[in-house]
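Make the full structure from the sequences, and use the hints.
Top to bottom, those sequences are chains A and B.
Taking the working numbering, the leading residue of the first sequence gets 1, the next gets one more, and so forth.
Taking the working numbering, the leading residue of the second sequence gets 306, the next gets one more, and so forth.
Derived from the structure by calculation, the hints contain no laboratory data.
Some hints here could point you the wrong way.
Stated by the list, open to error - Cβ pair distances, simulated, as ranges: (1) L301/A - N371/B: 48 to 56 Å; (2) D572/B - E281/A: 47 to 55 Å; (3) A90/A - D398/B: 40 to 48 Å; (4) R205/A - A321/B: 34 to 42 Å; (5) L138/A - R395/B: 34 to 42 Å; (6) G385/B - N287/A: 51 to 59 Å; (7) D572/B - A91/A: 33 to 41 Å; (8) K156/A - E414/B: 57 to 65 Å; (9) G328/B - A91/A: 35 to 43 Å; (10) E524/B - K134/A: 47 to 55 Å.
Ideal Cβ placement from N, Cα and C applies to all residues, glycine included.
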Amino acid sequence: MADLTTTIGPLQLKNPVLVASGTFGYGQEVVGLMDLNRLGAVVTKSVSLEPRPGNPPPRICELPGGMLNSIGLANVGVEAFVEQKLPFLAALDTKLIVNIAGRTPDDYVAVIHHLEDQPNIDGYELNFSCPNVKKGGLEFSQDPTTTAGVVNVIRKQTQRPLIAKLTPNVTRIREIAQAAADGGVDAVSLINTLVGFAVDVETRRPRIHAGAAGYSGPAIKPVALAKVLEVAEHVDIPIIGIGGICNVTDALEFLITGACAIQVGTANFIDPGSAPRIVDELEQYMNAHKLAALPELIGSLKKWS
Amino acid sequence: MSALPSRAVCDCPVDAITEVADGTHLLRFRSPVISNQSLPGQFVNIKVSGGQHPLLRRPFSVCRVNAREGWFEVLWKVVGQGTAIMAQARPGDTFSVIGPLGRGYTVPESTRTALLVGGGLGVAPLPFLAENLAAAGTSVEVYVGARSKGDLSMLEAFGSLGLEPVIATEDGSVGACGFVTAPLTTRLKELQGAPDAHLFSCGPTGFLKAMTALSKQYEIPGQIAIETVMACGFGICVGCAVPAKRQVGTGRRYKLACIDGPVFDSDEVELDG
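Here's what the structure looks like:
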């Protein structure tokens, strides 16, 4: 039987199939619809220092091959997260990665201070697609200097694995990934949503209340794969691949391109059983291709001669 | 938010599909699990195509249920790609259905007179509710409004329970001419302030705003079933936010139609538009 265990820097996972932040709530919501213990890890909804009510509706709309969303980081805040959400997540037989959102570097630090004493947290994923209020709303991962700066501050706060989740809405993502690596993160998650916009031609209003929003779903997979390829070729850092992954073929494309794990996002909304199915089918693929362990697959992309 | 553990992802075969009004279809699914677990006002989220077009599921109210025979029905009008695909369904086809989902109607113990009011396709969840209320011995009165005679459906479902819906159509083609709020208002005046009367409604936003106003004016508490755009239907996408009227514990200013609703107390949420 193929060995599905994977390594993301210091983090050991039983398999490379994770669920993406913001597409899986706090885990409890899916009880009865899928077996959470089958996952390589759960990545929580973004947790911020203070509770956030989120954006006014409409927050989502469907588009060909995907959807737009602007939820506004609606979440219960770190204190309520620790009290109400963490006990359920911590009891699962899978790794737990807490995704953190902030408006300033201090916000990330403060959230980590609340979480550091809590056992059973296996790592932090830093949502760097948040607007940085001190830089006029530019996202933390849209500029390498800003990325390196915030990572430097956060790295001093914790020994736990740190993963920077990067926006694809940049010219050269390799520069951002390199800055994050230099700042001391253990891995990067690629990619967050693409910026998108849609108009209701009857009302002539934006279809999302907040205006420009995040485009996700199968349509963004080629873009995500190109970003993974770029970083895999230029930066020495473990990559978690994200973007439109719905089935094992999608997952394999990311792994072969160089991701050491993947996250299932929008597909959870349509079929909460997607991620466990990918685990099963990945094992079948490896057995069929006589691959004994995942490192034989990761980054095994062949070049045209 | 309460835990809702009894839902499931089920592959449900189609037993029958009927066009019950102009462009309006009633589909009976076989599913012992969903028919056994459903409560009036809850919904199911259906993958209408096997592929990725459309990508997201479509939510449908549970219209009628027979737990003993293991079936439930959904009612819809063709309005877009997803509902058009559903209308092509044939007996024996199988759809992936997640359900039952959401918070349905809660009948207060004190209820002796239940006014069920459907606006247009908002009639969908009412046959199931009427059946449960009638079985519990509650006096049920049904009011249905529609644009025209051809838009009316499910009337025979009420008839089979011995109920005769009060009907209003905007073009006067059947029943009273105008909105159903007129005959309803006449009845509410008689019931004003009655502690054992309750208003259960479902329909478009403007209609629900009218129901909320009538509830307040005539001091008859009401519950409204709302319709919103939804991705998951079970609380993970957080896309179906509805502004809450009252501040709640954590300071959240929104409720989620999928897990806090789709049925709300009429003074619980702000209706836009």
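Self-check item: Hint numbers not upheld by this structure, sorted from lowest to highest
Solution: Numbers 5, 6 and 9, in rising order.
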